[in-house]
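*Asks:* If you want the building blocks of each chain, they are given just below.
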Amino acid sequence: MALDKATVAHIARLARLRVEDKDLEPMARELDGILAWIEQLNEVDTSGVEPMASVVDARLPRRKDEVIDGGQAEKILANATGAAHGFFTVPKVVE
Amino acid sequence: MELTDLTIAAARTGLAKRSFSALELADAHIAAAAKARDLNAFITETPERAREMAGRSDARLARGEAGLLEGIPLAIKDLFCTEGVRTTAGSHILEGFVPPYESTVTANLWRAGAVMLGKTNLDEFAMGSSNMTSHFGPVKSPWTRRGDNRPLVPGGSSGGSAAAVAARLALGATGTDTGGSIRQPAAFTGIVGLKPTYGRCSRWGIVAFASSLDQAGAFARTVEDTALMLQSMAGHDPKDSTSFAAPVPDYAAALGRGVKGLKIGIPKEYRLDTMPEDIERLWRQGIDWLTAAGAEAVEISLPHTKYALPAYYIVAPAEASSNLARYDGVRFGLRVEGETLDDMYERTRAAGFGAEVRRRVMIGTYVLSAGYYDAYYLKAQRVRALIARDFTEAFQRVDAILTPTTPSAAFAHGEKTADPVQMYLNDIFTVTVNLAGLPAVSVPAGLSGDGLPLGLHVIGRTFDEETVLGAAKVLEDAAGFVARPY
Numbered sequence: 001m002a003l004d005k006a007t008v009a010h011i012a013r014l015a016r017l018r019v020e021d022k023d024l025e026p027m028a029r030e031l032d033g034i035l036a037w038i039e040q041l042n043e044v045d046t047s048g049v050e051p052m053a054s055v056v057d058a059r060l061p062r063r064k065d066e067v068i069d070g071g072q073a074e075k076i077l078a079n080a081t082g083a084a085h086g087f088f089t090v091p092k093v094v095e
Numbered sequence: 096m097e098l099t100d101l102t103i104a105a106a107r108t109g110l111a112k113r114s115f116s117a118l119e120l121a122d123a124h125i126a127a128a129a130k131a132r133d134l135n136a137f138i139t140e141t142p143e144r145a146r147e148m149a150g151r152s153d154a155r156l157a158r159g160e161a162g163l164l165e166g167i168p169l170a171i172k173d174l175f176c177t178e179g180v181r182t183t184a185g186s187h188i189l190e191g192f193v194p195p196y197e198s199t200v201t202a203n204l205w206r207a208g209a210v211m212l213g214k215t216n217l218d219e220f221a222m223g224s225s226n227m228t229s230h231f232g233p234v235k236s237p238w239t240r241r242g243d244n245r246p247l248v249p250g251g252s253s254g255g256s257a258a259a260v261a262a263r264l265a266l267g268a269t270g271t272d273t274g275g276s277i278r279q280p281a282a283f284t285g286i287v288g289l290k291p292t293y294g295r296c297s298r299w300g301i302v303a304f305a306s307s308l309d310q311a312g313a314f315a316r317t318v319e320d321t322a323l324m325l326q327s328m329a330g331h332d333p334k335d336s337t338s339f340a341a342p343v344p345d346y347a348a349a350l351g352r353g354v355k356g357l358k359i360g361i362p363k364e365y366r367l368d369t370m371p372e373d374i375e376r377l378w379r380q381g382i383d384w385l386t387a388a389g390a391e392a393v394e395i396s397l398p399h400t401k402y403a404l405p406a407y408y409i410v411a412p413a414e415a416s417s418n419l420a421r422y423d424g425v426r427f428g429l430r431v432e433g434e435t436l437d438d439m440y441e442r443t444r445a446a447g448f449g450a451e452v453r454r455r456v457m458i459g460t461y462v463l464s465a466g467y468y469d470a471y472y473l474k475a476q477r478v479r480a481l482i483a484r485d486f487t488e489a490f491q492r493v494d495a496i497l498t499p500t501t502p503s504a505a506f507a508h509g510e511k512t513a514d515p516v517q518m519y520l521n522d523i524f525t526v527t528v529n530l531a532g533l534p535a536v537s538v539p540a541g542l543s544g545d546g547l548p549l550g551l552h553v554i555g556r557t558f559d560e561e562t563v564l565g566a567a568k569v570l571e572d573a574a575g576f577v578a579r580p581y
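Listed in order, the protein sequences are those of chains A and B. Take the first sequence: its position 77, counting from 1, is numbered 77 in the working numbering, and each next residue is one higher. For the working numbering, count along the second sequence from 1 and bump the result up by 95.
Worth flagging that the hints you see were computed from the coordinates, not collected in a lab. Keep in mind that the hints are not guaranteed to be accurate.
Unchecked claim - Below, computed lysine to any residue pairings styled on SDA-like, alpha-carbon distance capped at 20 Å:
(1) B:LYS401 - B:GLY466
(2) B:LYS358 - B:LYS130
(3) A:LYS75 - B:VAL193
(4) B:LYS401 - A:ASP45
(5) B:LYS334 - A:VAL56
(6) A:LYS92 - B:ASP438
(7) A:LYS5 - B:ALA445
(8) A:LYS75 - B:PHE192
(9) B:LYS334 - A:ILE68
(10) B:LYS401 - A:THR46
(11) A:LYS64 - B:LYS334
(12) B:LYS363 - B:GLY466
(13) B:LYS401 - B:ALA470
(14) B:LYS401 - A:LYS5
(15) A:LYS5 - B:GLY466
(16) A:LYS64 - B:PRO333
(17) B:LYS358 - B:GLY389
(18) B:LYS401 - A:LYS75
(19) B:LYS334 - A:TRP37
(20) B:LYS112 - B:GLU178
(21) B:LYS334 - A:PRO61
(22) A:LYS92 - A:LEU77
(23) A:LYS5 - B:TYR467
(24) B:LYS358 - B:GLU488
(25) B:LYS511 - B:LYS130
(26) A:LYS92 - A:ALA80
(27) A:LYS22 - A:HIS10
(28) A:LYS5 - B:ALA154
(29) A:LYS75 - B:THR239
(30) A:LYS5 - A:GLU25
(31) B:LYS334 - A:ASP65
(32) B:LYS130 - B:THR239
(33) B:LYS401 - A:SER47
(34) A:LYS75 - B:LYS334
(35) B:LYS511 - A:LYS64
(36) A:LYS92 - B:GLU434
(37) B:LYS334 - A:VAL55
(38) B:LYS355 - B:LYS401
(39) A:LYS92 - B:LEU436
(40) B:LYS112 - B:ALA154
Turn these sequences into a full structure, and let the hints steer you where they fit.
*Replies:* Written as structure tokens, this is what we have:
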């Protein structure tokens, strides 16, 4: 199955990754090459096989519901490009 | 003997006997690293911190309070967050990021007395098998082919760690292994690389690539040294719910176990038509070494081996695309301004991620997207279950499995870069182990026709690092690998 430009543009949008128009076609070809190689999985009969998400027991351990950490706003904001008044800052989203 | 030529075990003895100080040992390595900058093994050297830590080690040694790795200078893959020391993951997108916390594995190493020399180069977000995808440039292997001085890759993704240990810039180093990222570079650079069972070491504070596959491990120049490192790194951590809640066994004690009476599986599916003769020969040699030490070689079948890489290239990118969603220019790292919030995200991520990372984020997003999830992602997870089942069945008949680590010796900078799939095939013998979550080690065992190191790979049962280490020690003793890069 060949990927078209529109699909690649859609995936790039979902991934929040800017891809210039001129790069869509080469990227489609590249991803196609990888997906064509992956297609060989269809040779494997997986009927009745449960999907495996992790090799460890899926039940998460529980711990006491208590505060063990916190009060570190300054440390957390130290790596942000934009921070003011104890918050992260981003471009304006509401007009 | 130069201090930089010591093993970790010999350095511990020397420090205990006061033959030299931890500060002298650190200084010898700081000087070696400064002289070998052309390798580009380190992204960040931390000589002041090393000297300060070594000074504290000397004080503890004097008081008789030495930890297991007291005064041992180590290099840390720049995927482990280190408090107050910039951490890059080999990526532009983490520009300026200085973690306000320490990863559990490195904290465990410092608690055992180890000394940090610096942060080593790696493929961007550990995505690669050559160290060529790093934003900070490729690493040069200390090895070259006989009669050919073209720069070679050290393997990847933990290429800087492997090069540093092989070139005697550190006594040991940490790595992470998601599809072969410890074992393949260890094989390429003629050192030992140990990937423990998934869950043996905490993943907390390690920059995430594919969370169901990532596992921290160790590089050193002997099997014993990797056992000492794992001893300090391993253990349950409440901050990683997938870390194993059981006591850590005494790994050094397992080294003398040998392989007498053990059954060693030889998987027939690993015999590739394209395998170079020197690798085939090394594998046969490895079987002979183990049988001479009292093991019995048993042919086994791992029928789904061929499908491991394509399954991996769905599972790993899917998890990566989700993990890497956090790099949005808001909380840390690079920000490229845009007209809207989405525009800022898109520009930041396009500028911050390199080509291979963008490719994997795209593949991962695609296979998780509506309409393709079942056909790709669930299919790959089902195939993963079959691969794990292959091993479970094999381990009912055998105690460990022996294979080559890689399908070839190291390649040159620029080779295998045109087609991503050709690069992915490097991990053909290592990736099955990650999908099944098993422990494995690569041991340097011989040289290729053109004088480059080749590794043998021992795979064990879940949480049976001890048998793996015991068999690796037998191979190491039999191989007597003494070749050095220079």
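*Asks:* Keeping to a limit of 20 Å between CA atoms, is the pair of B:LYS358 and B:GLU488 held or broken?
*Replies:* holds, 14 Å
*Asks:* Given the hinted pair B:LYS334 and A:ILE68, is their alpha-carbon gap at most 20 Å?
*Replies:* With a Cα-Cα distance of about 11 Å, the restraint between B:LYS334 and A:ILE68 holds, given a limit of 20 Å.
*Asks:* Is the hinted pair B:LYS511 and A:LYS64 satisfied, with a Cα-Cα distance of at most 20 Å?
*Replies:* Violated: B:LYS511 and A:LYS64 sit about 51 Å apart, past 20 Å.
*Asks:* CA of A:LYS5 to CA of B:ALA154, is that 20 Å or under?
*Replies:* Measuring from Cα to Cα gives roughly 64 Å; hence the hint is violated.
*Asks:* Are the Cα atoms of A:LYS64 and B:LYS334 separated by 20 Å or less?
*Replies:* Distance ~13 Å between A:LYS64 and B:LYS334 Cα, so the pair holds.
*Asks:* Between the alpha carbons of B:LYS401 and B:ALA470, is the straight-line distance 20 Å or under?
*Replies:* holds, 19 Å
*Asks:* Holds or violated: are the alpha carbons of A:LYS5 and B:GLY466 at most 20 Å from each other?
*Replies:* Holds. A:LYS5 to B:GLY466 sits at ~17 Å (cutoff 20 Å).
*Asks:* What's the verdict on A:LYS75 and B:PHE192, does the C-alpha distance respect the 20 Å limit or exceed it?
*Replies:* holds, 12 Å
*Asks:* Taken at face value, is the distance from the CA of A:LEU77 to the CA of A:LYS92 at most 20 Å?
*Replies:* With a Cα-Cα distance of about 19 Å, the restraint between A:LYS92 and A:LEU77 holds, given a limit of 20 Å.
*Asks:* Take the C-alpha atoms of B:LYS401 and A:THR46, compute the straight-line distance between them, and say whether it is at most 20 Å.
*Replies:* Answer holds: B:LYS401 to A:THR46 is near 15 Å, not above 20 Å.
*Asks:* Within 20 Å, alpha carbon to alpha carbon, are A:LYS5 and A:GLU25?
*Replies:* holds, 6 Å
*Asks:* Sort out whether B:ALA445 lies within 20 Å of A:LYS5, counting only the CA atoms.
*Replies:* holds, 18 Å
Checked against the numbered hints listed earlier, the structure breaks hints 1, 2, 12, 14, 18, 19, 20, 25, 28, 29, 35, 38; every other hint is satisfied.
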